[in-house]
Amino acid sequence: MKTHLRTRAFLLCFLPFAILMTTSFWMIQRFVQATVREGLHTSLRESQIAIANIHAKGDLRNSRFLRIAGENTALKAGVELLRQNPKSSDARSTVEDQLRELGEHMGFDFMLVSAPGGDPLAGVARQGSQLVPLNLSNLDGNRSGFLLLDGRTFQVASVPVDVNNENIGSLTVGEFFDFSDLSTQVVLVRNGRVIESNIPNVSSHDIEKALTPCRPQAECDLRLNGTNWISLPMESYGSGYALLSLDNVDQATRPIQAKLHKLFLQLAFASVLIALLCSLGSSTSIVNPIAAVVSHLRNAVSTGRLGEIETQRSSIVEIQELAHIYNEAAISVQAAGQRLESAYLQFVGSLANALDARDQYTAGHSRRVSELSCALATALQMPPEDVERVRIGALLHDIGKIGVSDSVLQKPGRLTDDEFDQVKQHPVIGRRILEGVQGFAEYLNAVELHHENWNGTGYPHGQRETETAIDARIIHVADAYDAMTTDRSYRQGMTHEKALSILIDNAGIQFDPEIVATFVMLPREILTGQPLVENSLQLMEEALVG
Amino acid sequence: MRLRNLLLQCFILATAAYLPAQAITGTIVIKRKLTRPNVTPNVSMYQRGTSVKLGRDSEQDPIAYERSRVVIYLEGVASGPRTTGDSPAPQVQQLDRRFIPDLVVVPVGSTVSFPNMDPIFHNIYSLSKPKSFDLGNYDKGQMRNVTFPKPGVVEIYCHLHPNMQATVVVTPNRWFARPDRSGQYRIADVPPGQYTLVAWHKSAGFFRKSVVIGDGHDATADFFIPLDIDPNQEARQAHDLEHNAGSR
Chain Y
5 MKTHLRTRAF LLCFLPFAIL MTTSFWMIQR FVQATVREGL HTSLRESQIA IANIHAKGDL
65 RNSRFLRIAG ENTALKAGVE LLRQNPKSSD ARSTVEDQLR ELGEHMGFDF MLVSAPGGDP
125 LAGVARQGSQ LVPLNLSNLD GNRSGFLLLD GRTFQVASVP VDVNNENIGS LTVGEFFDFS
185 DLSTQVVLVR NGRVIESNIP NVSSHDIEKA LTPCRPQAEC DLRLNGTNWI SLPMESYGSG
245 YALLSLDNVD QATRPIQAKL HKLFLQLAFA SVLIALLCSL GSSTSIVNPI AAVVSHLRNA
305 VSTGRLGEIE TQRSSIVEIQ ELAHIYNEAA ISVQAAGQRL ESAYLQFVGS LANALDARDQ
365 YTAGHSRRVS ELSCALATAL QMPPEDVERV RIGALLHDIG KIGVSDSVLQ KPGRLTDDEF
425 DQVKQHPVIG RRILEGVQGF AEYLNAVELH HENWNGTGYP HGQRETETAI DARIIHVADA
485 YDAMTTDRSY RQGMTHEKAL SILIDNAGIQ FDPEIVATFV MLPREILTGQ PLVENSLQLM
545 EEALVG
Chain U
424 MRLRNLLLQC FILATAAYLP AQAITGTIVI KRKLTRPNVT PNVSMYQRGT SVKLGRDSEQ
484 DPIAYERSRV VIYLEGVASG PRTTGDSPAP QVQQLDRRFI PDLVVVPVGS TVSFPNMDPI
544 FHNIYSLSKP KSFDLGNYDK GQMRNVTFPK PGVVEIYCHL HPNMQATVVV TPNRWFARPD
604 RSGQYRIADV PPGQYTLVAW HKSAGFFRKS VVIGDGHDAT ADFFIPLDID PNQEARQAHD
664 LEHNAGSR
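Chains Y and U supply the protein sequences, listed in that same order. Under our numbering, the first residue of the first sequence is numbered 5, with each subsequent residue one higher. Under our numbering, the first residue of the second sequence is numbered 424, with each subsequent residue one higher.
Read the hints as simulated data drawn from the structure, not as lab findings. Source: prediction; values computed, not measured. Worth double-checking, as some hints may not be accurate.
Partial pick of chain U residues on the chain Y-facing surface, computed with a CB cut under 10 angstroms [claimed, not checked]:
1) Arg520
2) His545
3) Gly559
4) Asn560
5) Asp562
6) Lys563
7) Cys581
8) Pro585
FRET-style restraints, in silico, Cβ to Cβ [stated by the list, open to error]:
9) U/Gly575 x Y/Asn168: 54 to 64 angstroms
10) Y/Asn168 x U/Ala512: 31 to 41 angstroms
11) Y/Arg87 x U/Arg609: 50 to 60 angstroms
12) U/Ala487 x Y/Gly111: 33 to 43 angstroms
13) Y/Asn169 x U/Gly532: 39 to 49 angstroms
14) Y/Asn169 x U/Pro649: 38 to 48 angstroms
15) Y/Gly122 x U/Asp557: 22 to 32 angstroms
16) Y/Ser133 x U/Lys632: 51 to 61 angstroms
17) U/Pro649 x Y/Glu170: 37 to 47 angstroms
18) Y/Glu170 x U/Asp557: 16 to 26 angstroms
Backbone N, C-alpha and C fix where the C-beta goes; we use that ideal spot for every residue, glycine too.
Produce the entire structure from the sequences given, and follow the hints as far as they go.
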């Protein structure tokens with residue numbers, strides 16, 4: 005897959021960081037939650053045990069009161085009566101009446117006397133606001149703990165009724181088992197079946213199902229309606245009855261959990277944000293120097309010049325090394341290019357020389373024009389690289405004359421129109437020659453346009469004034485001067501002054517007046533004879549190679 | 424001395440048969456309540472939140488009630504068997520887990536019947552000295568009789584119902600009376616002589632007075648129950664107590 009280095013660096017930096025951070029926060033959160041949950045578990049358990057203890061104490065106290073009830077002489081007499089008249093309904097109603105009175109005085113909802121064997125003898129239970137006689141046939145055998153009667157649950161306790169150290173029966177008293185009195189959430193089960201619960205919005209069936217895997221006398225974790233609960237046996241009674249205390253752990257831990265969740269979410273977000281910023285920073289610091297190198301190279305591609313990179317900029321060793329190697333490569337490429345260019349120049353120079361040498365009169369023309377143009381450009385305060393361009397352009401300006409036959413070039417006397425047309429082709433031919441050579445693009449103007457006139461009467465395009473490149477305009481003046489001052493087969497060369505006056509006369513017509521004005525101001529010894537530099541080609545070579 | 428008194432009494436009684444009998448009249452004066460109300464609601468009232476009416480006479484004048492609870496009789500004079508023997512034996516019913524009536528006065532040797540009118544059992548007993556008995560459990564419609572051979576106050580209870588309570592006052596003779604609600608009483612046909620007149624109230628106890636029945640005129644004896652204590656006497660008692668304590 006093709007990706008940017010920046011993307012890759014960012015991803016490689018950010019992803020592990022983010023994943024590591026998120027995972028560790030998640031794990032810490034889980035751990036803290038588990039710890040909190042365990043702590044709550046413990047406190048719930050303790051509170052439930054405390055409640056169970058209070059219940060046990062209450063039961064103990066109740067049993068003491070119950071003993072007093074068992075010593076009721078009237079009741080004893082009643083039990084005796086029942087024993088003597090077991091079949092008598094009046095005897096039963098006598099005892100029922102007693103139980104009713106006793107029950108009302110002591111505030112019980114259930115009263116029962118049983119024979120020593122446990123057979124019920126007479127009893128009353130509250131129905132509405134009254135204690136009414138019990139139907140003894142549908143009474144279960146439980147005499148302590150819980151007792152189910154017509155779908156109602158009574159919490160009952162029994163006490164023996166003794167007369168003269170002889171047990172004549174037992175008294176069972178009970179109260180409605182009212183869960184609403186209990187502050188905790190409680191479930192009454194019997195052999196795994198839920199008989200009653202005070203947990204709101206949860207059906208007994210659901211509780212039963214959730215309690216199925218729990219052992220009856222052990223603490224148990226269970227899930228109820230998608231939340232976690234803990235169940236603790238509070239008390240167990242005979243006949244499979246057990247009272248379980250249930251508590252919603254999730255509800256208890258929810259506030260702390262929410263707080264933790266928020267805290268960890270914020271931390272995770274912050275750390276991921278930091279990771280993001282760090283990754284961005286690091287990827288940028290990795291990529292930027294490379295990008296600088298790349299943009300430099302891109303620039304080099306577009307300009308064709310291999311410049312050196314400032315290596316001090318980057319603090320990265322590898323980048324410095326890269327830049328250094330690049331620089332070395334650039335230098336060697338530059339040197340190779342310059343060598344190539346100089347080889348071209350030498351070739352072209354010798355071509356120009358050969359061209360000049362075709363005619364004894366024009367011998368050294370190119371060199372002289374080059375020198376004059378160079379002087380002119382310097383006088384016009386052009387920058388050195390422009391002066392160099394002008395110098396080489398001037399050296400090559402007549403290269404196109406290769407394509408003009410000797411008969412025309414060396415013809416003494418006036419040229420016919422055809423011949424002149426042939427001569428007029430030489431800037432275009434020169435351009436064509438140099439066009440194909442890489443690195444000679446900047447000299448094309450000098451070669452092609454050095455016969456354009458200021459007033460637009462020149463050739464090949466008839467350009468006017470500053471339409472023509474400055475190189476060509478300079479060479480135009482220098483070329484004209486040299487042509488006028490050198491001897492030809494058909495005439496003598498003009499004097500310096502004469503040539504200057506002709507130039508001045510034609511300034512603004514044939515020549516750029518400004519250049520002519522500069523030209524005439526040049527020192528005389530530069531213009532006449534004495535070359536400014538003895539061997540310019542050799543010097544130029546040296547400059548290029550060095 | 425005692426022998427002479429006895430002889431005198433025998434003489435009086437012997438002559439009484441021949442002399443025209445006179446009545447003893449008087450007033451029982453009670454100024455405050457003496458009996459604590461005893462509440463026994465009936466069966467239907469055993470309900471939570473139902474107001475239970477106080478027991479008997481709560482709407483009546485409580486002082487008048489107290490007066491009616493007094494028994495007056497002559498002490499120390501034995502009379503023969505009741506002359507009105509053919510009248511039915513007095514009854515103490517068990518109804519709505521109460522004894523009705525809860526105060527019966529009979530001369531010695533009388534029989535009182537205890538019929539059970541309730542649909543439940545009762546077990547009537549007494550531990551009083553003059554007559555202790557236990558009639559055992561018996562059901563509705565059954566009746567047991569008790570004869571009281573000795574004079575005295577017999578407290579009667581029910582084993583099954585501690586709230587039930589009645590009193591049978593067995594007088595030594597046939598001269599007894601119960602005041603009306605205004606406190607007036609009258610013992611008729613008393614032969615002339617000197618007697619000890621006893622007024623008894625369950626809460627206040629016994630009050631005795633000597634009365635002399637002359638020939639041709641009634642005797643009058645008023646009782647103030649309970650006795651208003653003479654402040655002088657109280658001070659003397661206090662002094663005695665102090666003296667006794669000091670001498671020890």
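Restraint satisfaction for U/Asp562 [CB to CB of chain Y, less than 10 angstroms]: holds, 5 angstroms
Just to be careful: measuring from the Cβ of U/Pro585 to every Cβ in chain Y, is the smallest value less than 10 angstroms? It holds, given that the least Cβ distance between U/Pro585 and chain Y is near 5 angstroms, below 10 angstroms.
Would you say the C-beta atoms of Y/Asn169 and U/Gly532 sit inside 39 to 49 angstroms of each other? Because 41 angstroms falls inside the window, the suggested range holds.
Using 10 angstroms as the Cβ threshold, decide whether U/His545 counts as touching chain Y. Hint holds; U/His545 Cβ to chain Y Cβ min 8 angstroms, cut 10 angstroms.
Kindly confirm whether 50 to 60 angstroms is satisfied by the beta carbon distance between Y/Arg87 and U/Arg609. Between Y/Arg87 and U/Arg609, where Cβ atoms are some 51 angstroms apart, the hint holds.
Outcome of range test on Cβ distance (Y/Ser133, U/Lys632; 51 to 61 angstroms): holds, 54 angstroms
Does the interface hint hold: is U/Gly559 within less than 10 angstroms of chain Y, judged Cβ to Cβ? Holds, because the Cβ-Cβ distance from U/Gly559 to chain Y comes to roughly 9 angstroms (cut-off 10 angstroms).
Interface hint status, U/Lys563 versus chain Y (Cβ within 10 angstroms): U/Lys563 check passes; min Cβ-Cβ to chain Y is 6 angstroms, inside 10 angstroms.
Status of the given 37 to 47 angstroms range, CB of Y/Glu170 versus CB of U/Pro649: holds, 46 angstroms
Under the criterion of a CB-CB separation shorter than 10 angstroms, is U/Asn560 in contact with chain Y as hinted? holds, 5 angstroms
Please check whether Y/Glu170 and U/Asp557 have a Cβ separation lying inside 16 to 26 angstroms. holds, 19 angstroms
Look at the Cβ atoms of Y/Asn168 and U/Ala512 and judge whether their distance stays inside 31 to 41 angstroms. holds, 35 angstroms
Comparing the model with each earlier hint shows a violation of hint 9 alone; every other hint is respected.
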